[in-house]
Amino acid sequence: MAPKMFNELAIGETPTTDPKTIVGRQVQVSMTELGGNPQKFYMKMKFRITEIAGRNAKTEFNGFELLREHLMRVVRKRTQKIETILTITSKDKWKLQITSLLVLNRRTDATIKHVIRKLVTDTLTETITKSTTEEFIKKVVDGSFQKNLRKEGSKLYPIRFCEIAKIEVLKTPAAKPIAATV
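Take the sequence shown: its position 8, counting from 1, is numbered 8 in this note's numbering, and each next residue is one higher.
Be aware that a few hints might be false.
[Stated by the list, open to error] Mimicking BS3-like on lysine-lysine, the simulated pairs with C-alpha atoms at most 27 angstroms apart in a straight line are: (1) Lys147 - Lys93; (2) Lys138 - Lys171; (3) Lys171 - Lys4; (4) Lys139 - Lys4; (5) Lys40 - Lys20; (6) Lys95 - Lys147; (7) Lys40 - Lys151; (8) Lys155 - Lys46; (9) Lys130 - Lys93; (10) Lys130 - Lys155; (11) Lys95 - Lys118; (12) Lys46 - Lys166; (13) Lys46 - Lys95; (14) Lys139 - Lys40; (15) Lys118 - Lys171; (16) Lys139 - Lys46; (17) Lys81 - Lys155; (18) Lys95 - Lys4; (19) Lys91 - Lys4.
[Unchecked claim] Pairwise CB distance ranges, derived in the manner of DEER restraints: (20) Arg78 - Thr50: 45 to 53 angstroms; (21) Asp109 - Gln28: 33 to 41 angstroms; (22) Ile52 - Thr89: 53 to 61 angstroms; (23) Arg78 - Lys20: 51 to 59 angstroms; (24) Thr89 - Pro158: 15 to 23 angstroms.
Hint data in this document are derived by calculation from the structure and do not stem from the laboratory.
Quick caveat: nothing in here was measured; it's all calculated off a predicted structure.
Just so it is clear, CB atoms sit at the ideal spot from N, CA and C, and this is done for glycine as well.
Make a model of the complete structure from these sequences and hints.
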């Protein structure tokens with residue numbers, strides 16, 4: 001079952017002889033299956049099974065990723081790609097590694113890239129430290145965070161595309177370190 005932030009929907013079935021062996025497994029589900037919105041087919045949510053309750057397995061959020069094909073189709077000739085990778089702790093003590101991707105309309109010099117990268121870093125840090133992980137995930141899924149970031153960044157230089165490409169959970173508030181998956 002999905003976590004409470006996704007209305008505890010059934011997200012799949014796993015065959016097993018011993019239910020205790022599936023604790024710790026990771027399950028990937030597209031946002032189309034979770035939210036019923038076919039336009040979000042390119043978003044993959046990752047959940048980790050934490051406990052077994054009867055015939056149901058409880059999960060918690062373990063990551064978010066966009067399909068590689070979706071990201072690669074927006075990067076074209078004569079555009080500039082800016083990636084930023086940050087490790088930030090949220091208000092509710094989740095340690096997250098966030099990868100953002102911005103595509104500018106034309107190639108630019110290094111100073112503009114540095115200014116935009118600084119804007120992304122400051123915006124992400126401010127937003128995540130002031131909100132819980134659940135609130136931030138909802139902003140990313142509905143696109144409001146990316147829309148605000150694009151609006152602020154376009155004041156500096158025209159931005160064609162702005163997206164959070166990946167979110168990895170490095171540490172949960174229960175102080176259980178999670179091995180990063182490659």
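We went through each hint and held it up to the structure:
no., hint, result
1, Lys147 - Lys93, "holds (25 angstroms)"
2, Lys138 - Lys171, "holds (19 angstroms)"
3, Lys171 - Lys4, "holds (19 angstroms)"
4, Lys139 - Lys4, "holds (16 angstroms)"
5, Lys40 - Lys20, "violated (33 angstroms)"
6, Lys95 - Lys147, "holds (24 angstroms)"
7, Lys40 - Lys151, "holds (21 angstroms)"
8, Lys155 - Lys46, "violated (34 angstroms)"
9, Lys130 - Lys93, "holds (11 angstroms)"
10, Lys130 - Lys155, "holds (24 angstroms)"
11, Lys95 - Lys118, "holds (20 angstroms)"
12, Lys46 - Lys166, "holds (11 angstroms)"
13, Lys46 - Lys95, "holds (16 angstroms)"
14, Lys139 - Lys40, "holds (14 angstroms)"
15, Lys118 - Lys171, "holds (25 angstroms)"
16, Lys139 - Lys46, "holds (17 angstroms)"
17, Lys81 - Lys155, "holds (17 angstroms)"
18, Lys95 - Lys4, "holds (19 angstroms)"
19, Lys91 - Lys4, "holds (18 angstroms)"
20, Arg78 - Thr50: 45 to 53 angstroms, "holds (47 angstroms)"
21, Asp109 - Gln28: 33 to 41 angstroms, "holds (39 angstroms)"
22, Ile52 - Thr89: 53 to 61 angstroms, "violated (29 angstroms)"
23, Arg78 - Lys20: 51 to 59 angstroms, "holds (55 angstroms)"
24, Thr89 - Pro158: 15 to 23 angstroms, "violated (33 angstroms)"
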